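Chain residues, written in single-letter form:
2 protein chains.
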Amino acid sequence: MQDAIREGANSFLFTEYKYVSVFMALFSVVIFVLLSSEDGFSSTWKEDEAGILRAPGLYNGMFSTLAFIIGAATSIVSGYLGMNIATYANARTSLEARKGVAPAFMAAFRSGAVMGFLLAGNALLVLYILIMVYRKVYGDDWEGMYEAITGYGLGGSSIALFGRVGGGIYTKAADVGADLVGKVEKDIPEDDPRNPAVIADNVGDNVGDIAGMGADLFGSFAEATCAALVVSSVSSLGANHSWVGMCYPLMITATGIMVCIGVTLVATDFYPAKTVDDIESTLKYQLILSTAIMTPASYILTMLSLPSEFTGLFADASVVAKSWHIFVCVASGIWGGLIIGLVTEYYTSNTYEPVQGVADSCKTGAATDIIFGLALGYKSTIIPCFMIAICIFTGFTLGGMYGIACAALGMLSTLATCLAIDAYGPISDNAGGIAEMASMGEDIRERTDALDAAGNTTAAIGKGFAIGSAALVSLALFGAYITRAGIDVVHSSILDPKIFSGLLVGSMLPYWFSAMTMKSVGKAALAMVEEVRHQFATIQGLMEGTGRPNYRRCVEISTAASLSEMIPPGALVMGTPVVVGILFGVQALTGVLAGALVSGVQMAISMSNTGGAWDNAKKYIEAGASEHARSLGGKGSDAHKAAVIGDTVGDPLKDTSGPSLNILIKLMAVESLVFAPFFLSHTKDGILFKLFG
Amino acid sequence: MQDAIREGANSFLFTEYKYVSVFMALFSVVIFVLLSSEDGFSSTWKEDEAGILRAPGLYNGMFSTLAFIIGAATSIVSGYLGMNIATYANARTSLEARKGVAPAFMAAFRSGAVMGFLLAGNALLVLYILIMVYRKVYGDDWEGMYEAITGYGLGGSSIALFGRVGGGIYTKAADVGADLVGKVEKDIPEDDPRNPAVIADNVGDNVGDIAGMGADLFGSFAEATCAALVVSSVSSLGANHSWVGMCYPLMITATGIMVCIGVTLVATDFYPAKTVDDIESTLKYQLILSTAIMTPASYILTMLSLPSEFTGLFADASVVAKSWHIFVCVASGIWGGLIIGLVTEYYTSNTYEPVQGVADSCKTGAATDIIFGLALGYKSTIIPCFMIAICIFTGFTLGGMYGIACAALGMLSTLATCLAIDAYGPISDNAGGIAEMASMGEDIRERTDALDAAGNTTAAIGKGFAIGSAALVSLALFGAYITRAGIDVVHSSILDPKIFSGLLVGSMLPYWFSAMTMKSVGKAALAMVEEVRHQFATIQGLMEGTGRPNYRRCVEISTAASLSEMIPPGALVMGTPVVVGILFGVQALTGVLAGALVSGVQMAISMSNTGGAWDNAKKYIEAGASEHARSLGGKGSDAHKAAVIGDTVGDPLKDTSGPSLNILIKLMAVESLVFAPFFLSHTKDGILFKLFG
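Chains as they are written, first to last, in our numbering: chain C, 2 to 694; chain L, 2 to 694.
Derived by calculation from the structure, the hints in this document are not laboratory data. Values in this document were obtained by computation on a predicted structure and should not be read as measured data. Incorrect hints may have been included.
When chains are identical, the list treats them as one kind, so a pair holds in a single copy or across two.
[Said to hold, decoys possible] The calculated lysine to aspartate or glutamate pairs, modelled on EDC-like cross-linking and capped at a C-alpha distance of 20 Å, are:
{"hint": "1", "residue 1": "524", "residue 2": "443"}
{"hint": "2", "residue 1": "642", "residue 2": "186"}
{"hint": "3", "residue 1": "364", "residue 2": "186"}
{"hint": "4", "residue 1": "19", "residue 2": "545"}
{"hint": "5", "residue 1": "364", "residue 2": "545"}
{"hint": "6", "residue 1": "524", "residue 2": "354"}
{"hint": "7", "residue 1": "364", "residue 2": "557"}
Construct all of the structure, not just a fragment, from the sequences and the given hints.
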């Protein structure tokens with residue numbers, strides 16, 4: 002079983018990476034040509050007013066491309082390793098479940114932690130080595146060097162896009178396909194080995210939830226760091242060549258990893274969870290504890306590594322920032338992230354009123370379930386939005402764009418813990434799947450179900466983090482783009498026709514993108530439904546358990562569908578900045594980025610939470626853990642059937658469209674930043690306006 | 002029957018207006034106090050640098066309040082008259098249906114046209130009289146005068162808010178309540194007189210779709226005109242006291258009304274629709290013809306009334322506009338509106354591929370129906386968004402904020418035709434209801450159904466218009482607010498912390514508002530379901546047709562629920578500009594308005610079209626007019642049941658939340674404009690920032 006899943010997952014990843022490699026090769030050429038053409042492919046170093054030798058366009062083109070490839074490769078390796086840990090951990094957890102809940106929890110949580118530290122450490126290490134090498138090449142041209150480094154973020158994020166979109170379509174096509182025929186038509190339980198799509202479903206959980214999410218958060222980390230580095234390279238830190246000051250963004254992450262390691266010990270050695278009831282609180286306290294310890298740690302770090310006062314080019318005006326200002330920015334990010342996570346939990350966990358209300362509405366049918374679920378998602382945007390706005394305001398006011406980048410890094414500093422908690426969910430989910438498929442007995446399945454239920458809630462926290470940090474990261478990148486594209490306060494007025502039109506079109510992009518991804522899931526799921534129906538109809542003895550289903554065929558269908566379906570949304574995201582920048586110029590692009598950011602955040606939050614709430618409302622009715630839950634009728638009742646419809650609608654919202662929107666806003670911003678030098682020198686006012694203006 | 006409906010509708014409106022009067026009285030005090038306090042309740046006229054006597058704050062407070070009350074009263078009268086025409090027309094149409102389709106169509110269309118011309122003419126006349134009177138009072142202080150006139154827009158829009166939200170909750174609570182018990186549980190047909198909620202349902206169609214929509218478009222017209230007047234009062238037209246030039250915005254509307262009257266004759270006298278197939282094209286060509294004739298008419302008007310060149314204060318810089326520039330702005334609005342309308346039709350009519358695809362997806366159940374419907378709504382934002390962006394860019398570039406206001410007026414110039422077409426839908430829908438309730442026979446019901454089907458599609462066109470014009474109107478008001486609040490290009494930069502945070506929070510408001518309205522519909526519908534169930538259980542002989550249902554009780558429940566539920570969303574919309582302006586200052590408010598605008602437009606379009614598509618997908622399956630439609634199984638099949646769930650979800654989206662969002666964005670902008678003088682003189686940087694900064 003485990004081998005089949007691992008084989009399926011690896012085969013998907015290999016096929017995906019094959020497609021992605023072609024794209025990467027093409028895009029590398031684009032990056033190289035566009036950036037090198039900035040000064041007409043010159044290869045001579047030029048001295049600027051301050052007497053610093055500046056690297057020529059050819060260098061920037063070359064090294065940006067190299068950074069792009071390395072970023073992409075790191076992301077691919079991280080995804081691959083993470084998934085292999087996960088598939089191994091699945092089997093291990095289901096075996097440990099025979100001994101009891103506590104050992105199974107430990108196996109799942111440790112695996113998650115290994116993955117978290119591996120990804121975070123790997124990302125940091127590669128970036129650091131890259132900086133050290135580029136430093137030799139670029140000499141004193143730190144601005145040029147950190148600009149080239151930005152390619153690293155673009156590379157990581159591009160892979161994340163394909164991972165999230167491709168993986169998201171894969172996992173949901175398999176899931177919906179398996180459920181619609183298996184559970185609804187044939188009335189066999191979830192994860193039943195007779196269902197031909199069951200392996201594809203499990204593969205999907207690994208490639209979508211683990212590889213996709215890992216790549217997403219890796220991208221956020223890489224981009225936030227790059228944004229902070231670009232902005233600080235034009236500050237007095239960069240001008241005075243304060244190496245320690247410049248490494249501050251990297252050190253926040255390093256400190257975060259160390260704090261998270263310490264906190265992990267609490268769960269594994271000092272106070273391990275012993276019973277099922279402990280699990281949820283153990284996971285939650287991991288995050289709260291990380292946040293609490295990270296605050297003083299980052300204070301000490303800030304005081305030691307930043308000069309007590311430095312001048313920065315913050316949003317076009319030079320501002321003096323004190324070191325404690327920057328600490329406040331970081332702290333606002335750390336705590337903002339925690340609050341967003343907890344609010345997400347409140348709206349998506351079935352221990353609180355909102356999800357119970359949605360479950361209640363199932364009594365009058367699927368329509369009211371959908372209406373209440375949508376309303377819940379809309380409502381859940383309120384507090385996170387205020388939190389992000391506070392982080393933005395604090396960061397902006399105290400440290401300009403650098404402050405926002407630091408807030409983003411603060412939010413991401415507990416990344417390792419987040420990843421550990423987040424990976425725990427799919428690991429225990431799949432452990433349950435394996436237990437079912439391998440017919441390991443009812444009691445073991447019950448244990449893994451309990452583990453899974455706790456994981457579901459904490460995974461929601463991780464999603465909240467991902468969205469919140471994505472918003473801050475995009476804004477930091479947006480700020481770096483503004484700085485690099487030479488847009489000053491006067492030319493970024495909301496009253497500029499290009500900016501306002503851009504704002505409107507930008508805020509439409511998340512809708513366009515979601516329309517594409519949701520329809521893709523629908524189409525891929527329909528293909529899967531037909532295949533599963535076909536197998537049930539043609540393979541003799543399948544229902545009786547004597548015939549063997551063709552798992553491989555389902556895996557192939559999911560793979561093919563997801564890969565062909567991920568191209569149009571991918572092209573939309575990757576193409577927009579280039580097309581807008583070239584045709585309409587840097588100001589229009591400014592509007593588009595800001596519009597996509599503000600509208601994408603709302604959609605991402607509401608979609609994820611709506612989907613999560615429907616999922617848990619269904620589980621609430623199934624589990625029947627309280628008087629109220631039992632009054633709804635349990636499995637098989639009309640209310641449960643309504644809840645299943647809601648859950649199915651929620652699948653593409655919470656696992657495909659919602660999380661992909663994070664990447665949309667980040668990727669468009671980092672891509673604009675990378676291409677800013679080209680736009681500035683060649684298409685500042687847009688080719689279209691030059692032709693017709 | 003007709004009497005019962007008219008009585009119910011009037012009683013709802015009277016109760017609603019009672020609540021609204023209390024609110025209006027309170028809000029009048031707020032307007033008076035805040036605006037008069039601008040210069041400390043002074044009553045002395047002061048001479049400005051140019052030697053013009055400026056009216057004191059007390060005058061502005063007094064006359065703004067008066068304009069506010071008159072605007073509100075006009076809107077109330079319009080809504081009341083419109084609804085009485087409609088309820089009379091309902092009965093008339095169902096009687097005419099006995100003679101055939103053509104006379105019935107004529108009755109319904111003529112009534113719609115009467116309503117359209119009445120509302121448009123009334124709005125224009127009152128505004129014109131108001132300006133003539135105020136001119137006597139204000140003397141040469143045209144700036145102050147047109148600022149006070151803005152109260153007219155605010156009044157009209159406030160009523161529209163309550164009309165749309167209250168009416169929307171009413172109509173959907175009654176509709177969902179009647180359907181859930183009647184159609185689903187008791188299996189009796191729609192509009193069956195045995196259903197106790199049937200009168201409430203029909204009342205709802207009148208108060209929601211007719212009074213609400215009329216008030217909405219009246220508000221748009223009043224606001225667009227006010228915005229254009231305010232902006233042009235600070236241009237050279239105002240400074241040179243060019244009365245004809247100042248009246249240009251009013252004359253666009255006047256020309257529009259005349260053109261529309263001419264076009265109506267084509268449908269009533271020259272080429273009246275003779276068969277059912279003619280109806281849809283007749284209605285559609287009304288709009289296309291109005292647009293085509295309006296273009297040269299507005300060209301002639303522009304050349305006659307505007308000086309060939311004039312200088313305006315357009316977004317903080319003085320720009321010279323030529324008269325043909327302004328004509329291009331108007332024309333872009335006229336044609337932009339038509340294209341948005343036709344795109345809306347494409348996405349919501351079941352003669353095209355999108356809705357048929359949604360109907361197709363019902364085969365695999367309600368979940369895929371919902372997923373495909375949501376995706377369709379998201380996708381339908383693309384072209385309207387580009388169209389609005391083009392109108393904005395054209396208007397902004399050629400005539401600054403004045404250009405945008407003119408584009409909005411251009412879009413609204415075909416208002417009378419739009420209203421006629423739009424009102425036609427609910428009139429024929431209710432005619433069908435009356436035919437059913439009065440047991441007038443199968444053939445008559447078939448005729449009214451055919452009329453209704455055509456009306457459904459053209460009503461979608463009207464909704465597209467309403468959203469598109471709302472976006473332009475809000476932007477024009479936003480521009481006038483910016484001008485009045487003294488925000489220049491430097492202080493409106495997207496890089497300002499207050500503006501960006503405001504942008505993010507503003508783009509969240511439509512979500513918050515929708516969460517409220519959707520939940521309200523759910524709650525009100527649940528109350529209705531319980532009452533209907535109760536009546537079926539307790540009134541003897543109700544199912545057999547011997548007992549008489551208590552219609553009045555259902556009407557009362559809908560009325561009470563909708564009125565109490567409309568307060569929180571109303572408070573959110575009316576309160577936000579005041580709270581943000583006072584606590585956080587004019588810049589933060591700028592961000593909030595822009596954010597609400599760009600995000601609200603997307604949500605309004607996608608919600609309306611998603612709901613419309615679900616509705617028509619259901620009708621497509623029911624009608625079974627094509628081979629493909631029949632293959633889905635028709636009424637009672639599984640696909641039809643799935644489609645009914647989609648339709649029920651769509652009801653609050655398309656008739657409550659979606660259309661209310663238009664008003665949210667307009668109302669917040671006009672309110673900010675009215676209060677701008679107060680914010681500017683007292684809370685420019687926000688009380689909160691003053692306290693802690």
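Hints versus structure:
1. 524 - 443: neither (35 Å within a copy, 41 Å between copies)
2. 642 - 186: Cα proximity of residue 642 and residue 186: in one copy and across copies (13 Å, 17 Å).
3. 364 - 186: between (22 Å within a copy, 13 Å between copies)
4. 19 - 545: Result: close neither inside a copy nor across copies, 39 Å intra and 69 Å inter.
5. 364 - 545: neither (35 Å within a copy, 28 Å between copies)
6. 524 - 354: Close across copies (16 Å), not inside one copy (35 Å); limit 20 Å.
7. 364 - 557: This pair counts as neither: shortest intra-copy Cα distance 39 Å, inter-copy 25 Å.
Violation of the numbered hints given earlier is confined to hints 1, 4, 5, 7; the remaining hints are satisfied by the structure.
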